[in-house]
Amino acid sequence: MAASSKAEILKHLRSTQLEPVELPELDEPWTTYQDRAEQFAEVLQAVGGRAVRAGNLDEVNRELDQLPAYAQATKVCSLVDGIRKANVQMADVADPHELEDVDFLVAPGQFGVAENAAVWVTDQGLRHRVLYFLAQHLALVLPVAELVDNMDQAYQRLSFAEPGFGLFLSGPSKTADIEQALVIGAHGARSLTVFLV
Amino acid sequence: MTRATKGNHAARAAEFIANAERTQWHDQALWFVRAKRDKAARSVPEWERLRELASQIKLHTLARLPEYLEQFEEQATRKGARVHWARDAEDHNRIVLQILQDNRVQRMVKSKSMLTEECHLNPYLQGHGIEVVDTDLGERIVQLLDKPPSHIVLPAIHIKKEEVGELFHRVLGTQQGATDPKYLAEAARAHLRDKFMKADAGITGVNFAVAETGGLVVCTNEGNADLGISLPSLHIACLGIEKLIPRARDLAVFLRLLSRSATGQPITAYTSHFHGPRPGGQLHIVLVDNGRSRIRQNPLFRESLKCIRCGACLNTCPVYRRSGGYSYQNTIPGPIGSVLGPLRDPKFNYSLPYACSLCGSCTEVCPVKVPLHHQLFTWRGEIVRDRLLPWQKRLAMKVAGVVLGRNWLYRLSGKLARWVLPFLPRLLIYNRLNAWGKHRELPVFPKHSFRESYEKKHGRKQQG
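Read top to bottom, the protein sequences are chains G and U. Here the first sequence is numbered in our numbering, starting from 1 and rising by one per residue. Here the second sequence is numbered in our numbering, starting from 1 and rising by one per residue.
Each hint should be verified, as a subset may be incorrect.
The calculated EDC-like cross-link candidates involving lysine to aspartate or glutamate, where the alpha carbons are at most 16 Å apart (straight line), are [stated by the list, open to error]: (1) U:K369 with U:E52; (2) U:K147 with U:E117; (3) U:K198 with G:D95; (4) U:K161 with G:E179; (5) U:K79 with G:E162; (6) U:K36 with U:E70; (7) U:K182 with U:E166; (8) U:K195 with G:E100; (9) U:K369 with U:E46; (10) G:K11 with U:E70.
What the hints contain is simulated information worked out from the structure, not anything from laboratory work.
Chain G with its partners taken away, still in its complex shape (with noise of 0.2 Å):
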């Protein structure tokens, strides 16, 4: 049956030759930033989250117990060594739903745009996924010397030839389904910060 449904289409669309279009190169001068740190804290703000420079994990720890939220929370995890609060180790968690109450969660971001605040992470070494959507607060902590311009100079670091999950983050969840007003915090995290280290 699905095998009849394919050849279906495609001799469907066969039967019909279009013009060649030539496919555009991309490579253009695309906007850059003179400090992409600021446009990345700038538009990070703009979207609900929260940059903030620290010069090395110490200071993370520091300013992370700084947060309400950090400092209230009861079940932290942190898939970054030498956060002292992490207390959840992903180890012993057979079942994604186990996670359910994580409070808190301190991450890796690989690199970020600076166009867009967007900080891509992925599951690499990470056994679930959803910890990203599942923690009611979010912390990244991203190399300052890691933030591209833009979204062109973004994809070139990626290369998707292996099966896996990433994700564009920027901001924290957020809502306007109701009367356009924004409300953070739909489904996934209540607040996003990234360290800029």
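Given chain G's structure and the hints, the job is docking chain U onto it.
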């Protein structure tokens, strides 16, 4: 209501605009989104270049669609997904049901997908005893009201917070009279978390499918798509075959345009890239034709397949803003829906290309340069040719054609009108037959026509 009235956009819009205050509110809500789009678009210096590239990439892909579909299937399969092909809505629904039944799924969560709306998947699955929960907040609101979305990006844009409050009070037990969006959204969060935790499978739509890598990209602001498919181990992704793009790098072009055009955001909060299932899970991809290959054959309307469903043409359309999504009675309303609707069913949707003032604003904002108002204009010609207009309109056009085509008759008619009309009783002029006079008054007639005045002043010129 007769079938003829039901099939008429103007008649359905009349119901909506009967409430002037609400019409105004709806208009303003959408204009607010349009204004945000303008600001976002202006912040990108290469905006026009991006539109041009996006259009070219889509045209290129359409020309080579069979090859790209095969490449996509090959790559997606290599990454561990299972690819299914559905020639129509029925095929699609059957395939989805089969996958769900094979996995003994009873409860299913779904993120936004206009394709599954188009295929009427929800009632089909519910008819087979499967619980379907739409998880986008706006979609959940309309689902609980037993209504379809009225907008493709903002499904509940036509609903007031008081109505949401009342609904949530009744269904979710929120406080009576509560209307604070934050409070209501929080109640929905708790309600839907429970649904996410209990779901056996998740269905998502797809924003882009990458032929080169076999990957899928899904964009949300709420995070509902990701929650819905990373708790249960079964993910079904449904997409129309026009969602293909050749290379991952093309995403840079489209993602820079999509959410800026849709809501004025630089990018959605979550832009997820799926290559294969997650470890231990299943990913099923259903590629759906349902009339798309036929549209591709049609040189007049082929470019409508470039659409990336951002909703910008809806937000800017002066008719959509003042008539509401339901007046189109089509899965996709607004300018793009008025092009696609008649392609699906010209007889039922004949009036949609007339729900347009040809102002061209839709074409200006479209991020992939679909020539929307040109297509709507073209549709009118098709509809007249195929005699799909009601007889009153056909007759009026015929009469106008005869009069305007004959100089003497035109002049005589003008004279007669100036003499006779001012003395006729209102009832004879403003009645059901005169749709033009429904909301308008005739101007005061001048004593002489322009031609008469001109001739009087400059003397009679030779007849042209």
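Comparing the hints with the structure gives:
1. U:K369 with U:E52: holds, 7 Å
2. U:K147 with U:E117: Within the cut-off at roughly 11 Å; holds.
3. U:K198 with G:D95: Given that 16 Å is the threshold and the Cα spacing comes to 13 Å, the pair holds.
4. U:K161 with G:E179: holds, 6 Å
5. U:K79 with G:E162: holds, 7 Å
6. U:K36 with U:E70: The hint is violated at about 39 Å.
7. U:K182 with U:E166: holds, 15 Å
8. U:K195 with G:E100: Since the Cα atoms of K195 of chain U and E100 of chain G sit roughly 12 Å apart, the hinted pair holds (cutoff 16 Å).
9. U:K369 with U:E46: Holds, at roughly 15 Å.
10. G:K11 with U:E70: Judged against 16 Å, a Cα distance of about 12 Å means the pair holds.
Comparing the model with each numbered hint stated earlier shows that hint 6 is the single one that does not hold.
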